[in-house]
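Using the sequences and the accompanying hints, generate a full structural model.
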Amino acid sequence: MSAMWIAVLATAAGCYALKLTGLIVPERLLASPRLRRFAELVPVALLAGLVAVQAGAKGSALVLDPARLAGLAAAVVALLLRAPFLVVIVVAAATAALLRLAGVG
Amino acid sequence: MATPHERGRPGDPVRDDSPVVRPEREGTRAVHPGREDARAVRPVRDGILLGLAVGVSGLAFGAAAVSAGLSVWQASALSLLAYTGASQFALAGAIASGGSLLAGATGAILLGSRNALYSLRLADVLRVRGLARLLAAQGVTDESTALALAQPDPAAARAGFGATFAALYLTWNAATLAGAIGAGRVGSPAALGLDVVGPAAFLALIWPRLASGGTERAVAAGGAVIALTLTPVLPPGAPVILASVAALTAVLGGRPDVARDTATEAAQ
Numbered sequence: 001m002s003a004m005w006i007a008v009l010a011t012a013a014g015c016y017a018l019k020l021t022g023l024i025v026p027e028r029l030l031a032s033p034r035l036r037r038f039a040e041l042v043p044v045a046l047l048a049g050l051v052a053v054q055a056g057a058k059g060s061a062l063v064l065d066p067a068r069l070a071g072l073a074a075a076v077v078a079l080l081l082r083a084p085f086l087v088v089i090v091v092a093a094a095t096a097a098l099l100r101l102a103g104v105g
Numbered sequence: 001m002a003t004p005h006e007r008g009r010p011g012d013p014v015r016d017d018s019p020v021v022r023p024e025r026e027g028t029r030a031v032h033p034g035r036e037d038a039r040a041v042r043p044v045r046d047g048i049l050l051g052l053a054v055g056v057s058g059l060a061f062g063a064a065a066v067s068a069g070l071s072v073w074q075a076s077a078l079s080l081l082a083y084t085g086a087s088q089f090a091l092a093g094a095i096a097s098g099g100s101l102l103a104g105a106t107g108a109i110l111l112g113s114r115n116a117l118y119s120l121r122l123a124d125v126l127r128v129r130g131l132a133r134l135l136a137a138q139g140v141t142d143e144s145t146a147l148a149l150a151q152p153d154p155a156a157a158r159a160g161f162g163a164t165f166a167a168l169y170l171t172w173n174a175a176t177l178a179g180a181i182g183a184g185r186v187g188s189p190a191a192l193g194l195d196v197v198g199p200a201a202f203l204a205l206i207w208p209r210l211a212s213g214g215t216e217r218a219v220a221a222g223g224a225v226i227a228l229t230l231t232p233v234l235p236p237g238a239p240v241i242l243a244s245v246a247a248l249t250a251v252l253g254g255r256p257d258v259a260r261d262t263a264t265e266a267a268q
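Chains S and W, in that order, give the protein sequences. Take the first sequence: its position 23, counted from the start at 1, is 23 in the working numbering, and no numbers get skipped. Take the second sequence: its position 121, counted from the start at 1, is 121 in the working numbering, and no numbers get skipped.
These aren't lab readings, by the way, just hints derived from the structure by calculation. Note that the structure is a prediction, hence the values are computed from the model and not measured. Even glycine gets a Cβ: it sits at the ideal position worked out from N, Cα and C. Some hints here could point you the wrong way.
Computed footprint of chain S on chain W; a stretch qualifies when at least three of its residues, placed anywhere within it, have a C-beta under 8 Å from a C-beta of chain S [to be verified]:
1) 54 to 63
2) 160 to 169
Partner residues are not named here, just some residues of chain S that face chain W (Cβ under 8 Å, in silico) [what the hints assert, rightly or not]:
3) Tyr16
4) Leu23
5) Val51
6) Leu79
Quick list of simulated restraints, FRET-style, between CB atoms [as the list claims (entries may be wrong)]:
7) Gly69(W) <-> Ala13(S): 12 to 22 Å
8) Leu234(W) <-> Ala13(S): 23 to 33 Å
9) Leu29(S) <-> Leu134(W): 28 to 38 Å
10) Ser188(W) <-> Pro26(S): 44 to 54 Å
11) Leu102(W) <-> Gly59(S): 40 to 50 Å
12) Ser100(W) <-> Ala17(S): 16 to 26 Å
13) Leu252(W) <-> Ile24(S): 22 to 32 Å
14) Ala61(S) <-> Ser67(W): 13 to 23 Å
15) Ile181(W) <-> Pro26(S): 15 to 25 Å
16) Pro66(S) <-> Pro154(W): 18 to 28 Å
17) Val76(S) <-> Gly69(W): 34 to 44 Å
18) Leu252(W) <-> Ala102(S): 42 to 52 Å
See below:
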């Protein structure tokens, strides 16, 4: 087996093991109020970090992509108007796509 | 940030240690009164849409993997087995830059650790038991987690998780194969605005949490600031994992039962 295949399969195994870890954690551990509160809040922190990075970075560089930011701004407006999930992401993607079609960003 | 009417409501979600997804969140989504069936349909429909739209970026991964020197089969094996976008791009990037395979694989696996944090939360929401956990584990991604946690009750959360997993898994793998054999050259997903789908969807899915309390807003703002600040100095993916420090800080900032109040005051 080539070294490349070993790297591929090791990465796959490691990623899978990590996903499984949280699901097989003993329930009495999750009974700790602090751990439970951490588990509740951590997706909010991670997803907010992800939104920020996907909105304002490309690789390791902070970038201002006008079309992408306008798409996200349109999503925020849709959310403030209490639009359903489907509408929010269609509005965001359409805004970015139309701006790019018009030569922005 | 919090407006007065958002604070101290009866049955305030954060004071409630109930392990299930909290029901009052449905009031913050566009739920139509009197349409009980919509509660079962919506998470499935939303999950399928999210999976299809985000999965297209598998094109970019397939293309990046092959140009980095992986074979079509190796690119596909990563999408089928690792099924973690951030880790997959990290391994392809490390190989492309000529780094050691050991270092590349180690970095990619470390990047997968945010899925362990997600599954820690999902264990409580999905309530999967026995061998079903082996299947559910593979489905843990940013997308399925965000969609599941945005649902008003455990049944909807499971439906949303399953729909997102199925749609995203199929699309991501089909797109990886297509990208690896060169289909990515015919068009750019960015031209269709698909690069905005991920962040817009994650924002929409954590939106009800942001409305639910000052601690949530402070944690989200902290996570965003940490991730952006560290982006120029750390390898891609690492800043997002370190955003979890915002949640850790909020929890350690006080006793669990009062942590929310102190963080709420601090956020104003």
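Against the structure, the hints:
no., hint, result
1, 54 to 63, "violated (count 0)"
2, 160 to 169, "violated (count 0)"
3, Tyr16, "6 Å, holds"
4, Leu23, "5 Å, holds"
5, Val51, "5 Å, holds"
6, Leu79, "5 Å, holds"
7, Gly69(W) <-> Ala13(S): 12 to 22 Å, "21 Å, holds"
8, Leu234(W) <-> Ala13(S): 23 to 33 Å, "25 Å, holds"
9, Leu29(S) <-> Leu134(W): 28 to 38 Å, "20 Å, violated"
10, Ser188(W) <-> Pro26(S): 44 to 54 Å, "47 Å, holds"
11, Leu102(W) <-> Gly59(S): 40 to 50 Å, "23 Å, violated"
12, Ser100(W) <-> Ala17(S): 16 to 26 Å, "21 Å, holds"
13, Leu252(W) <-> Ile24(S): 22 to 32 Å, "25 Å, holds"
14, Ala61(S) <-> Ser67(W): 13 to 23 Å, "20 Å, holds"
15, Ile181(W) <-> Pro26(S): 15 to 25 Å, "45 Å, violated"
16, Pro66(S) <-> Pro154(W): 18 to 28 Å, "41 Å, violated"
17, Val76(S) <-> Gly69(W): 34 to 44 Å, "40 Å, holds"
18, Leu252(W) <-> Ala102(S): 42 to 52 Å, "48 Å, holds"
When held up to the earlier numbered hints, the structure conflicts with 1, 2, 9, 11, 15 and 16 and fits the remainder.
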